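If you read the sequences in order, they're chains A and B.
Mapping to my numbering: the first sequence position 157 is 602, numbers consecutive.
Mapping to my numbering: the second sequence position 244 is 245, numbers consecutive.
One should not assume that every hint holds.
Unchecked claim - Calculated lysine to any residue pairs in the SDA-like style (CA-CA distance at most 25 Å, straight line):
(1) A:K695 - A:A721
(2) A:K613 - A:V657
(3) A:K540 - B:P229
(4) A:K574 - B:K135
(5) B:K135 - A:F459
(6) A:K519 - B:Y159
(7) A:K672 - A:G696
To be clear, the hints were calculated from the coordinates, so they are not data collected in a lab.
Every value quoted in this text rests on a predicted model; they were computed, and no experiment measured them.
What follows is the residue order along each chain.
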Amino acid sequence: MQKSVSIKDLSLSFGAVNVLENLNLDIGEGEFLVLLGSSGCGKSTLLNCIAGLLEPTGGQIFIKDRNVTWEEPKDRGIGMVFQSYALYPQMTVEKNLSFGLQVARMPRAEIDKRVARASEILQIGPLLKRKPSELSGGQRQRVAIGRALVRDVDVFLFDEPLSNLDAKLRSELRVEIKRLHQSLKNTMIYVTHDQIEALTLADRIAIMKSGVIQQLADPNTIYNAPKNMFVAGFIGSPSMNFLRGEIVEKGGKPVFSTNGVDFPLDGYAAGEALPAGRKVVLGVRPEHVKVDEDGAGAKAHQASVDIEEPMGADNLLWLEHAGHTLAVRVAGNRRFAPGTAVSLSFDMGLASLFDAGTEERI
Amino acid sequence: MAETVSLKPGAALAATAGPPSEPWGRKPRRTLSRRNIMLYGTLLVAALYYLLPLYVMVVTSLKGMPEIRLGNIFSPPVEVTFEPWAKAWATACTGLNCDGLSRGFWNSVRITVPSTLISILVASVNGYALANWKFKGADLFFTILIIGAFIPYQVMIYPIVIVLREMGIYGTLTGLVIVHTIFGMPILTLLFRNYFSSLPEELFKAARIDGAGFWQIYFRIMLPMSLPIFVVAMILQITGIWNDFLFGVVFTRPEYYPMTVQLNNIVNSVQGVKEYNVNMAATLLTGAVPLIVYFVSGRLFVRGIAAGAVKG
């Protein structure tokens, strides 16, 4: 894959605080990369560095194999969309779109052509003569995207573009951004703290914590094979169930044991040896816990339903089992009254096993 | 539902009296309650306290001297005359020359207009640079500027006299304009910096990505959004410079004295009879300019102050 944006050993500190430290990241041509993390993890800082709005204290940034570390934002071939839209309030939509082109002294005819094309793609033609204050939130964000679109850039940068919108508009615009990416095939870097946006939009997700990328992988890998407990706990709602325990040997095979209850690890592809006595954490997503209400399973695997949360398509159960509280997702038509005794088992092929000390995946 | 109905004693009545959407219940009384009398009484006294001197001035300025000598300062003029106003403007004597306030008025205009324009222009660029372009040493620069705002003016008068003399502009209007511009700088820069800081930072970032430079962002993005704060700065500077007496008397020669100094000379001239009506008219004339500025732009003033106050 050809590299579109490449970040080498990037560091940035505000005074004594290191926000980014020796960060490396390669983004392919036409890739949709999502930087995901909770607030303060450095994801917006990284985006601002790529945009040229913040000066790094170390390292280099390459866009299209050109070192742009010290170049002005306008010369980098990037367009940026901000959370607060950042439309110029005194200008009409048309002026907002053409401002950057006018600054670049582009001929009038070319400006008109580009504005027309962008407004057609984003369906904001009827709004061109309006001021930003006369637009709704969704319309404003479309115009903001259009401002990046008219500049015909190599890389689109999105800084939490949907966070100020209500839930319905958010999912609508999410689809539109995805459609835009599919038709334009530009490189896009998208910062968000919303895991749904990350999972739905991304070709690859970079999960960040305290200025360090924890895992960089496609959404499927991130979801099903998280690299460590932070990634595992961050992605997924409700969070992955974590059971602390240790490995015991039963019949020549390693078995996970927690609070005296054994779960065979058949089907789990461990990358490391699992000697007996190793302290581990078993992570199971709510939908990978299987429950049977007839209680046919072994006595040790019996649990009782504490709370039931019907969510329409799914039904979320909170179970009490051997000192743990487990979240379990079942189909919406399977109803359980509180107090129901069920027997449970885990789909080990889709579970994750972490070292209790390093919290890394085994 | 039945419970909610029983909670409203007037519901049955309202249902028969009008459409169901009509508000019901006892309206609060708006009569002269003891509380209102106290409230409005206090407000009235406060208003009178400030308006009475103005009333006396206006009334006195419209009387002839014989009427003033009767001593009844609150009585309205029997014979209204604009003679004192004309005299104050054109012929009142200040010791040496007898051309009234008019000379001072034009001097004041020639001092106030350039001082206001230059100081606002420079301070707004200062504030913009400090708020948006975080250059090296910006904090130090700002701290020095703020300290400047707290040093009493009087300390700096003699050094400034020397500086102006060395530059060869002591006693000229140019010198006074420069002094006013410099002394307006700390507070105006603070005002503009805080206002520009309160504007969303992402607007500035968006403009940079669009390729606009320092001046393009200033003129095309920031200026159009900052009318209220410019009005505030204008009012502060016009009133401050127009009302200034000390700098006017120290840094200029008599032919360039501003209106305030001229007024002082008219009112305090000792020869002959004290013409109270002329003095009152002269004072009103001098105070008219800031007053008009306030009336015309008062609404914007409040808006600008409030806007700047949100974030500091």
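Each hint, compared with the structure:
For the given pair, K695 of chain A sits about 9 Å from A721 of chain A by alpha-carbon distance, which is consistent with the 25 Å threshold. Annotation: proposed proximity of K613 of chain A to V657 of chain A is violated, straight-line Cα distance about 32 Å (limit 25 Å). Taking the CA atoms of K540 of chain A and P229 of chain B, the gap is near 23 Å; set against the 25 Å cutoff, the hint holds. The hinted pair formed by K574 of chain A and K135 of chain B fails the criterion: a straight-line CA distance of about 35 Å is larger than 25 Å.
At roughly 13 Å between alpha-carbon atoms, K135 of chain B and F459 of chain A fall within 25 Å of each other, so this suggested pair holds. The hinted pair formed by K519 of chain A and Y159 of chain B fails the criterion: a straight-line CA distance of about 50 Å is larger than 25 Å. Taking the CA atoms of K672 of chain A and G696 of chain A, the gap is near 29 Å; set against the 25 Å cutoff, the hint is violated.
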